[in-house]
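Enquirer: Each chain, written out:
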Amino acid sequence: MFQAFGVHGPELTPVADAVIDVALVTLAFAFLITAPRSTRYDAGLLGTMVVAVTALRVFMQPVPNVQPVTVAALLVGAQLGARRGVAFAILVTLLSNMLIGDGWWTLFQAAGWSAVAVLGSRLSLTKNGDFNHGQLYLAVIGSALLFDVIASLSILTPGMGLTDFAIYLAHGIPFDILHALGNLAFAVWFGPFVYRQLGGLESSNTFDQSVVEHHVING
Amino acid sequence: MRFASTFLIATTLLLLLPFNTAGEEWSMEWQVDLGEGYITTSPVMFNEHLFVRTSGFWTAEERPQVFSFTSEGIERWNRTSITTIQHDLSPLQAVPSGQGECGNWPDLLLIGWADGVIEAVHPSNGSRVWSATSPVNGWGITGAMALDEDHVIVPTRNGMQRHCLSNGALDFSTNLSLGWRNGVLATSEGYWQGDEQGRLWMVTRNGSLGPSVDLGGSIRHAPLTVDTGLLVHVQYPLESKIMHLETSTLATTTLLTSGPSPAIPIQRGNLSIFGDSTSITSVLCEATCVIKDQVESTMNGEFSWAPSSQIYAPINTPEGGWLVIEVDTQGRFLSNSTFSTVHDGYGTAAPAFGTSSLFLGNDAGWLMAHTSSLPPADMVAGYDWTAFLGAMLIVIFSTLLAIIARSNGSEWGLRLFAIMVLSLSLLLLPDVAQQWSEKLPGVNEPTAQESWDSSWPEAWLGTQVVVFDFGDENNLTLGGFLGHESVESLTQAALEEANLSAEIEQTDLGPYLASIDGQSGGGWEYFVDGERGVVAIDSASIEATTILHWRVV
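Top to bottom, those sequences are chains A and B. The first sequence maps to residues 216 to 434 in the numbering used here. The second sequence maps to residues 27 to 579 in the numbering used here.
Wrong hints could be hidden among the right ones.
Said to hold, decoys possible - Pairs of lysine to aspartate or glutamate residues, derived as DMTMM-like cross-links and limited to a Cα-Cα distance of at most 20 Å, are as follows:
1. K267(B) to D319(B)
2. K465(B) to E557(B)
3. K342(A) to E437(B)
4. K267(B) to D354(B)
5. K267(B) to E215(B)
6. K465(B) to D379(A)
7. K465(B) to D345(A)
8. K318(B) to E345(B)
9. K318(B) to E222(B)
Unchecked claim - Computed, partial: chain B to chain A, Cβ under 8 Å:
10. V121
11. L310
12. A444
13. S463
Think of the hints as simulated: they come from the structure by calculation, not from any bench. On a predicted model such as this, the values are computed, not experimentally measured, just so you know. Backbone N, C-alpha and C fix where the C-beta goes; we use that ideal spot for every residue, glycine too.
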């Protein structure tokens, strides 16, 4: 199955690569099917989010470790639930990696963003009808670290001890911090808007009215 | 009000940044006692390493040595002459690698010994590249050598020799007269050298004798060349004379009669500085040469220019120390002060300067390193305005942010702040990540060739060596490369020599070596002297004696 062990973990044969991709697609559809029934609007919105975030990730690939997918997965998980969040995370990872580089790491990136989506589903981003900015900011910082640790598991090779892995993680700390700062920037700029677009807070009269008006009027 | 105060403070702080011109403060970093003998000639900084020699009149078992230290004071190697017993006053001469009609040479350290031996050694390890001999009459070489393209001109005890830098082959040996501490000057006309009888000789490039002039006294340094001729500080029993020589007519003019025991003069542009047992004198040569300024001192050794354009002169008295003179381009001595150390005493060796370091040696054999907390003068002169403009942009951006936040509530302020922090982080990331990684141990570091392999040819010593490691102990090693300054350049040269094809991809981070000879594996990584490369190959600088190891992943 593996050709060799490289700097990003095992080098996959083309067949192994395809098997992993098919397994991930199957898993994504399994999560979508088992999720609570949704309207065509919801399905369309989720599909649009997958395509838009995939494009954004590819577009932002030259910028080191600024990952719009993390915030998106968190918000999708928070608004549409864990199953749709995990499906979203897997599909975005698969599609974007087809364009920027597929391999063993796809499995771990998908797992990382799925974990973020699950974390999002456990959050309550509204409090007394108001959007809880503070919780979102804390969550996006935490999800950066969560994703980076899970995605880093891809480099584990036979003979690599826990100490070596810890050193590897330590080397990545500046990049983890950058990931967290990128997440914060996305959350500050687009967090409430995306959350609202995903269907929540319709009943809230107090939610960030200026932002809503701004986007609706200018949209 | 709060905004106005913040803006005022930020602007004031910003304006203070480029105008910090506090005086240079040196602090002692390390010191080494080199044992018996004096340090009579200046330490030499070359390739960020320090080289220094000891000298003396040796009667017991001790002998003169040449040492190499890291800039942190760790001894790298030392070399002893067991046959030298007289004072070694010939300054060490560092020669960067190069090539010429008589061949190629690696970085060299040239040593002229008082037993007449001339040695060229590898600065990296002190091993000998070539050696030659010269006549001995009581002593051998005591003066400063001169470089002339691919040759070195050596002032011997009774004349002058010229050797090829690549292999030490003798071009010519010309008999003059007995000399001591008499350096050579190479000019477009030929080579000038004085002797103990006060005669200044000219030797042409083919080794034949040119004109000579008798100045009386003794000439114990290389003359200085100026637009109007030569300047020579001639020693007499009780005094000295700074003389101008018109080289076409051999007419001489005495510019100044001063104290005895002249120092080795130094020059920068039209300005020349002379010293003796009574004073230090500046001479400015334009249409004519004129004395510009004088300060009292006892200076019989070598001068050096500090990067900040000050002159450092060892004071040759029991109290010692170094006279530091601020001099302007017109030769005026603006100020002077004494730089003292814990080991002050007699001294003739000029200091050497590193990027922000000062290395001093004295007759007591103490080698001392001082460091400055201020940036070196050349860095200040070449101030990088990019950082200043960046700081200006940050202040402007912050000011806008404050205005927006004040007028539209905190939301837009927070948004702009987030973008600013992210942008700054992205700019800082490469440096921060590199510094951070250097402080951490490596992960499963593969072994890379970091030191000399005894199976390699001797001819590769002191050159650049490349190892292509295809795995399974299938290595291709090439050496003897000279003068490459980046990993990319050295790699290309090695690939060409080995007739190997390579695929180099251009990425946003720089060129990336994707495959060699069709082998791409999981990628190629490089190590410079055993250290994993962390930047693109065109940005990775290398030293003159680098071992570059390419390894397929």
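Enquirer: State for each hint whether it applies.
Expert: Outcome of the hint check:
no. : hint               : in the structure
1   : K267(B) to D319(B) : holds, 16 Å
2   : K465(B) to E557(B) : holds, 13 Å
3   : K342(A) to E437(B) : holds, 19 Å
4   : K267(B) to D354(B) : violated, 24 Å
5   : K267(B) to E215(B) : violated, 25 Å
6   : K465(B) to D379(A) : holds, 15 Å
7   : K465(B) to D345(A) : violated, 45 Å
8   : K318(B) to E345(B) : violated, 28 Å
9   : K318(B) to E222(B) : violated, 29 Å
10  : V121               : violated, 40 Å
11  : L310               : violated, 54 Å
12  : A444               : holds, 4 Å
13  : S463               : holds, 5 Å
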